[in-house]
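There are 2 protein chains.
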Amino acid sequence: MEFLTLSVGYVAAFCSTFGLLPLALRVWRTGEVNQIPIGMVTVMFIGALLWLLYGIFRVDQVIIGANAISLLFIGYVSVVKLRSIIK
Amino acid sequence: MEFLTLSVGYVAAFCSTFGLLPLALRVWRTGEVNQIPIGMVTVMFIGALLWLLYGIFRVDQVIIGANAISLLFIGYVSVVKLRSIIK
Chain A
1185 MEFLTLSVGY
1195 VAAFCSTFGL
1205 LPLALRVWRT
1215 GEVNQIPIGM
1225 VTVMFIGALL
1235 WLLYGIFRVD
1245 QVIIGANAIS
1255 LLFIGYVSVV
1265 KLRSIIK
Chain B
1185 MEFLTLSVGY
1195 VAAFCSTFGL
1205 LPLALRVWRT
1215 GEVNQIPIGM
1225 VTVMFIGALL
1235 WLLYGIFRVD
1245 QVIIGANAIS
1255 LLFIGYVSVV
1265 KLRSIIK
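Protein chains in written order, with my numbering: chain A, 1185 to 1271; chain B, 1185 to 1271.
In short, the hints are calculated from the structure, not lab data.
One thing to keep in mind: the hints can contain errors.
Any copy, or any two copies together, can satisfy a pair, since identical chains are not distinguished.
As the list claims (entries may be wrong) - In silico SDA-like pairs for lysine to any residue, Cα to Cα no more than 25 Å straight-line:
hint	residue 1	residue 2
1	K1271	E1216
2	K1265	V1195
3	K1265	L1233
4	K1271	Q1245
5	K1265	L1190
6	K1271	T1189
7	K1271	L1255
Just so we're clear, the structure is a prediction, and the values are computed from it rather than from any experiment.
Just need the whole structure built from these sequences, with the hints factored in.
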């Protein structure tokens, strides 16, 4: 049962994390962030950070893994977005 | 500690779920789904479904709640997207 649970969890984590990859890649290639609302980026960043914290509290490797990687992608988009605002 | 864990979890759930609301609302208002890639919708739908299953396996109310609501929003967008393709 634990194997099934972890398998479902990791496929779920893969989907929700790599669903963000096209967005991060487009920002990487084009540097274009005007179409991405600052509110959305902020909420997603706080969300991934708190999910990571929740995973640490629950000692849940699936939640920790998924959100650590999500945070990298969203963090990158956030930095580019912030720099575009400050400029 | 359990109260802190649940609080962090519920704020995380709120962020990741209601981060999807603007997308669902825009589709609701405009019926416009051309800009949303079918691959993204599919991956997000499968992701939310599997996270919900993972939450049920783990008997984790935060994961269940967050993904049940996410699934409603993504499910709605998926239905509109599918209908726009079939038409």
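message = Tell me the hint numbers this structure goes against, listed in increasing order.
response = Result: hints 4, 5, 6 break, sorted rising.
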